[in-house]
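Colleague: So you can see what is in the structure, the chains are spelled out below.
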Amino acid sequence: MDDIASLSAQNFKSDVKPIWCPGCGDYAVLTALAKALAELGRPRETIALISGIGCSSRIPAYTGVYGFHGVHGRALAVATGVKLARPDLTVIAAGGDGDGLSIGGNHFLHACRRNVDMTYILMDNQVYGMTKGQASPTTAPDWCESKLTPNGTGVSPVAPLHLALAAGVNFFARGFSGNPNELARLVVAAINHPGFSIVHVLSPCVTFRSEQRAWKQAVHSAAAAPSAHPAEALARFAEDDGFTTGILFAGDREPFMPQRDATMTAGDFEHAFAVRTPLPGPFTAAPAA
Amino acid sequence: MEAGHNGQAASTLGPAEAGWSAPAATRRGSVPAVSVAVIGSGGAGAMRAGEILLEVAAMAGFYGLMTRAMGPQIRGGEAAALLRVAAAPVSSLDDHFDLLIALDWANFSRFAAELPLAPTSVVIADPAEGDVPEAVVASGARIGRLALKELARAVPGGRTNMVGLGAAAALIGLPPEIVAAVVAGQLGRKGESVLAASVAALKAGAAAAAALPAVAQLAAPPHDGVARWNISGNQATGLGALKGGVSFVAAYPITPATEVLEWMAPALAKTGGMLVQAEDELAAINMVIGASFAGAPALTATSGPGLALMIESLGLAVASETPVVVVDVMRGGPSTGIPTKSEQTDLNIAVNGLHGDAPHLVLAPNSIADCLFTTQWAVALAETLQAPAIVLSDQALGQSRAIVAPPREPPAVAGRLTVPASYQVPAAYRRYAETESGVSPMAIPGTPGSTYVADGLEHTERGTPSAQAGDHAMQLEKRARKLEGFEYGSDWADIEGEGEIALVTWGSVTGPAREAAAQARARGIRTRLISVRLLLPAQPTRMAEALRGVRRLLVVEQSHGRQFHKFLRSCYDLPAEVAVISHPGPLPIRPAEIFDQLAAWE
Numbered sequence: 001m002d003d004i005a006s007l008s009a010q011n012f013k014s015d016v017k018p019i020w021c022p023g024c025g026d027y028a029v030l031t032a033l034a035k036a037l038a039e040l041g042r043p044r045e046t047i048a049l050i051s052g053i054g055c056s057s058r059i060p061a062y063t064g065v066y067g068f069h070g071v072h073g074r075a076l077a078v079a080t081g082v083k084l085a086r087p088d089l090t091v092i093a094a095g096g097d098g099d100g101l102s103i104g105g106n107h108f109l110h111a112c113r114r115n116v117d118m119t120y121i122l123m124d125n126q127v128y129g130m131t132k133g134q135a136s137p138t139t140a141p142d143w144c145e146s147k148l149t150p151n152g153t154g155v156s157p158v159a160p161l162h163l164a165l166a167a168g169v170n171f172f173a174r175g176f177s178g179n180p181n182e183l184a185r186l187v188v189a190a191i192n193h194p195g196f197s198i199v200h201v202l203s204p205c206v207t208f209r210s211e212q213r214a215w216k217q218a219v220h221s222a223a224a225a226p227s228a229h230p231a232e233a234l235a236r237f238a239e240d241d242g243f244t245t246g247i248l249f250a251g252d253r254e255p256f257m258p259q260r261d262a263t264m265t266a267g268d269f270e271h272a273f274a275v276r277t278p279l280p281g282p283f284t285a286a287p288a289a
Numbered sequence: 001m002e003a004g005h006n007g008q009a010a011s012t013l014g015p016a017e018a019g020w021s022a023p024a025a026t027r028r029g030s031v032p033a034v035s036v037a038v039i040g041s042g043g044a045g046a047m048r049a050g051e052i053l054l055e056v057a058a059m060a061g062f063y064g065l066m067t068r069a070m071g072p073q074i075r076g077g078e079a080a081a082l083l084r085v086a087a088a089p090v091s092s093l094d095d096h097f098d099l100l101i102a103l104d105w106a107n108f109s110r111f112a113a114e115l116p117l118a119p120t121s122v123v124i125a126d127p128a129e130g131d132v133p134e135a136v137v138a139s140g141a142r143i144g145r146l147a148l149k150e151l152a153r154a155v156p157g158g159r160t161n162m163v164g165l166g167a168a169a170a171l172i173g174l175p176p177e178i179v180a181a182v183v184a185g186q187l188g189r190k191g192e193s194v195l196a197a198s199v200a201a202l203k204a205g206a207a208a209a210a211a212l213p214a215v216a217q218l219a220a221p222p223h224d225g226v227a228r229w230n231i232s233g234n235q236a237t238g239l240g241a242l243k244g245g246v247s248f249v250a251a252y253p254i255t256p257a258t259e260v261l262e263w264m265a266p267a268l269a270k271t272g273g274m275l276v277q278a279e280d281e282l283a284a285i286n287m288v289i290g291a292s293f294a295g296a297p298a299l300t301a302t303s304g305p306g307l308a309l310m311i312e313s314l315g316l317a318v319a320s321e322t323p324v325v326v327v328d329v330m331r332g333g334p335s336t337g338i339p340t341k342s343e344q345t346d347l348n349i350a351v352n353g354l355h356g357d358a359p360h361l362v363l364a365p366n367s368i369a370d371c372l373f374t375t376q377w378a379v380a381l382a383e384t385l386q387a388p389a390i391v392l393s394d395q396a397l398g399q400s401r402a403i404v405a406p407p408r409e410p411p412a413v414a415g416r417l418t419v420p421a422s423y424q425v426p427a428a429y430r431r432y433a434e435t436e437s438g439v440s441p442m443a444i445p446g447t448p449g450s451t452y453v454a455d456g457l458e459h460t461e462r463g464t465p466s467a468q469a470g471d472h473a474m475q476l477e478k479r480a481r482k483l484e485g486f487e488y489g490s491d492w493a494d495i496e497g498e499g500e501i502a503l504v505t506w507g508s509v510t511g512p513a514r515e516a517a518a519q520a521r522a523r524g525i526r527t528r529l530i531s532v533r534l535l536l537p538a539q540p541t542r543m544a545e546a547l548r549g550v551r552r553l554l555v556v557e558q559s560h561g562r563q564f565h566k567f568l569r570s571c572y573d574l575p576a577e578v579a580v581i582s583h584p585g586p587l588p589i590r591p592a593e594i595f596d597q598l599a600a601w602e
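For the record, the sequence lines run as chains A and B.
Quick note on numbering: this note's numbering labels position 43 of the first sequence as 43, and the sequence is numbered without any gaps.
Quick note on numbering: this note's numbering labels position 88 of the second sequence as 88, and the sequence is numbered without any gaps.
The following block holds chain B by itself, in its conformation from the complex (with noise of 0.2 Å):
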């Protein structure tokens, strides 16, 4: 295969002159998707070949996924970009990987949990870098040494990563002229003598692979005419806050949300918007409530620690009526927990962390494009029920990209329901009036006629401080109304199947059931699936409605404490028969795992 190869370096960098071109015949493997690990020690560059075999994919035609394991170092520890590619949408990773490529084993074993091999993986280890680990040997994985270093050190300039990209992208059947051009697209920019010693050893490293044990190749790709994005969680996350509305975003760095942020800064400053980098959590939330009352919809971006700190002004934006979006990129807890690890463990505090009788929004992506429906819904409930909305992100969707389709928009609603500039207040404007549906209309400041105190205390229709027990329970009672009585439309959940087994879900474990899911259809088992997207208010009556003819419940959430099974437990009514596969994080739940349950109950 990848038939003319001379393995040297590259003096020019189009592809036909690289004399790259093959018949494609010789490269059309027959698998839908293949699962690739690349490993090394921070800095070796696993991250970049990462990122440049799933743009490669993208061009090629294909879906993808692309997680990332890393440890807490800032530099020299340990990463891994682990990637599938596939001809239709990617929702998770396999149970296994098919080819690993060991940049080195330094560090290995403090993730080897996380690269599940079998014995028709191929691992690719360079000699020099010391025997293969016992975990992989016993795995029974077939290795294929290749030289790396070697075959860098003989270029000028020459990186193991590239060489490994170069193998990597020719054993699953990656154009070479495709890696070429996004190589150039990626790194075009340091020089033509980067360049060209890049595409040097990924020629070397794609000459070596025809010595290398053989890994099942993709199927051609899908020429469905889709348009592709190559999109990361937290981008989608702060590309869904900007379609939105938001033009004003306060925060304070944190693992694993600084990105949403990173991204929004200069694209909030393009849009009239900005970001204001605050002093800690506390003033991030309050200055975006200040903001909101202001009149410019506002959110902060943050993990478990944050949202922590943000818990009591949380309830200032309950009782102030002040819309505000928090977004929670969930990381391992308690605590400073594993900060680069994702864990399904914030849902606890977001639904009940507040004290008092605080009814607010609590809203989940389940997928890394859904990031972005998700959070411009959020927004958009958010400013028209006038409460906050955190939306549980986390960091497997967060700091994961992914080749999908373009995302879809979410249903069109209300907005903020304000004070006409023109209004004449025939007396004194009631800010926290008694209305049917519960929104009373807000007057932003610069409104003539309707100056008001918003208050966290409790307080009258008009908004003065109040503690008489008449104000309290219609003000309550007015504020549970206008979030239960929302019509908020079949988006509350994703509801795929029909069947007697419902899996039911959430976040970004939907993509592991999703696939156990489908696995157990095409085996015959009619599996339903429910992954649930607005978490608060709960949906009794369309929970009742997915849940009907359900015999057997398999409740499946990355959590030591079962607290999805708790919320739903309590939220709701279950069938008789339900099951829970409920772990923590860091280690990702695997469709095989959700599909031996389903098959067991077959």
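For reference, chain A alone in the conformation it holds in the complex (with noise of 0.2 Å):
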């Protein structure tokens, strides 16, 4: 097992290189997560991160936690089963906007329901990055770079807050990349809090929204401590310019865990088909030789 005392941050990253190209803000996600993880002192062993597909997706290969990588859209299913399967591990799930409010906009909307003690870090770029520059579902309407929708999309974006307390969600925190340390703090506390939290991340894509550099001046802090009720926190939030940053919500739901006991085995279940023993009778007694 790992000695938690001697772990830092640098053992929560593997020796694999990411395929990120330089001045992406998820390099400072996995800097802030690994300096979570480190200061959560849980064995490496007893966490799994879980992802979907997307460049944010890539992230567990650069962990030194146990991963899944799996297909697009589907991080949140994943995760679900692991931690119902294993409530003793810690999970996370990570991701983009493209894979978890788009592809997988369902799971993102029944994890808030179901609230699974879990922690899903939603890397929010505004573009489909690792398909050359799509509009995602969190592009604003006007956004014309994109030969798909040269146009720009015409489409209303989601708001990743708005849509998780109307859906349920326990903890909102939202962060930006280009300030690691607060980063860091929110996904500890996210992971403390019991109950599905989500940790939004204002993570710029250099490469395709090279706009989001100004990122860094239009972020400020939550004024007031998070409310624990969602309809408070929806009338606080009306409004929001989707650069507040802190702990924006922390709700009181009991997590998701079915209840099971071992009182019984499959063994035990073959009695209930057996065929109950004839009645004695003149039809059911053996035949007379």
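If you are wondering where the hints come from, they were derived from the structure by calculation, not from laboratory data.
A virtual CB, placed ideally from N, CA and C, is assigned to each residue, including glycine.
Possibly wrong hints are sitting among the right ones.
[Unchecked claim] Listed next, with one range per pair, are the computed distances between beta-carbon atoms:
1. B:V137 <-> A:R276: 34 to 42 Å
2. B:S335 <-> A:E145: 37 to 45 Å
3. A:A140 <-> B:S335: 33 to 41 Å
4. A:P258 <-> B:E484: 33 to 41 Å
Hints in hand, dock the two standalone chains.
Modeller: See below:
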């Protein structure tokens, strides 16, 4: 087992070189995650990091914990299976805005309402980077840089905070990759919060959305302590500009974990199918020779 | 027959007090099997009557089979319980029904084709329900008029299905004391007055049976000392999964697979496992993959539309070498198709649906009892070979019940090869290490020193994503070798009989094929039966052995597109002369159709 005391953030990184572009916000997310895991002080083998497909979904390979890099959009479903089967593990899902809110949108809704005790790191750069720059569900409707939507999407973007609150998320924080120390603190708080927690990370794509470098000037800290009531949080952030960082909501719903006991074995269920012994009588008695 | 009925409501429940004892000699018939259909509009209780009749047959020592024919309506549609009761194990419905009890004729036309009758058949109908349909009259069957409604009305709280059940049991020679005992067992908790009304209605039906046309009565049941189970295919699938060690199920409801889940949910909770209702089939398969990655043997059950949604992630299970089992209880397709009726048409997608070169297991149970064996075996193989297994059951197996001898156990296999917790990994752990068998030790999260990332991207031995030709070739070869090189033993197929004529079939169609082969042998036509249980990986050496000396091959399957025939052609060398009996659902393939082809070849 890992000697917890000696683990540094570096131990939570692997020796695999990321595929990310120079300057990508996801490097800082990896750094913040490694820092958070070191701070939590849990053995590496007790942590599972689950992802789908996309630039940010490559993150498990760059960490030193157990990981699963699955198909596009299903990270939360895989993570749910891991946590329900193994409540003893610390389970983290990670991925991008396309993976989590478009192809995986249904799982996002149901992970929020199911409230399994796990954490979702949603790295949002408002673009599909791996396929070379198409609009994502969080892209502004008038963004015209994609060849697929040269006149803009004309479609309202998803606000992850509002969507998650409406669906019943139990914890929502927003961080910025440009501030990895705050981000690490938010990840620690999210993992420590019971139930389903989301850390929404503004993580710029410098290749296809170089204007996102300006996010550094846009972010600002939440003014008040988080509400525990979804309606109150929705009201407070109704006009949110999307750049408020900090813990924005911390609910107190009971996490989902089905009760189970092991009072029976598989063999015990065979008896239910056994045909009852026939009543004694002239018909059922063995025939005379 | 059935002397001693007085037609009055019984005030006590004991058969002796009810005066139902009669000399055994008056009840014994001579035929080894009787086929009965009970039909009615949804809610009339035809299914309940059929289930009771089957249980009565079981308690009396017979074997039996009951399938269902239903419309898609939740309430108020048509419903038919189709039974065959026999002195020996029953593998299929007969070519026609000996007795048809019509509680009413509502919607009869919708399933008339599923109810073949012969001039020897007896049809019991209530004159109050209108004229006997033209198709029934045309069959030449004898019609017996029985005032079901009126007799039921004469009993306070009496129901027509119980009158019909009483008549049916009496007509085919099932003992009334056992009918009363089974009804007491099933309805007893509804209270004494309900039970008393049911018993009185049963007696009224049985008494009236004396005036009806005679049906051939069953011979004495076999006193073979063999224990009997009364189980449905979907229950047997659930029990097989549980016995195989499955502790995690995630699934989305779908007809006709839901009963697998309904049976497993409480059973899992009591054995330390769990069932999770997922938001869709995409979630279900991925939850199952996650649970298995975390160490829990895991399964999902679905039907064709759900399997289609799961296919991408089954490829993930192949690439990441994560054991999972998907039970597909097949129904008519494509698209929404015919959800309540059976067809063997998911073979193509199960075998060929995955993109890329994706070796996996496909198995098919070939009887209701075999649902247990094959599912349990599939779990064991998936775990041992770290690969996904698809189990192709179907509606005809899943939603039918049978009286069977207790199913057998599959052979023991190694199970999942894991990295022991105490293992000190010398260098970096290689999850996808090249090994002779192709199976590599799998580290379960929680195991120190061997953290890795399972990946659907092509990867190196360590699991690191790789686009290099060498890594791709090595991993493809490893994943193919572990399945192809495994020794599956004789259970890959059921092979029965000898001869130059062979029947090759799979799944639920094995029942009528088995019966036709037995009929052919009884006529002196030497016939082999090969029912393929392990569809993938194909077993060319074993198939060649099974077909040695065969000159004529009859392929039997329930599909329009001859999916099984094409599958056989793609995997195996077949004899020169091949005939195919292949038609779509929902009509079952009947033994006579198969026998006729065998006889023509004589």
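Colleague: Now, for every hint given, state plainly whether the structure supports it.
Modeller: Each hint, compared with the structure:
For the pair B:V137 and A:R276, the beta carbons lie near 41 Å from each other, so the given range of 34 to 42 Å is met. Separation of B:S335 from A:E145 is about 39 Å and conforms to the stated range, judged on CB atoms against 37 to 45 Å. Range check, A:A140 to B:S335: Cβ separation about 38 Å, and the 33 to 41 Å hint holds. One distance hint, 33 to 41 Å for the beta-carbon pair A:P258 and B:E484, holds here, with the actual separation near 39 Å.
In terms of the numbered hints stated before, the structure departs from none.
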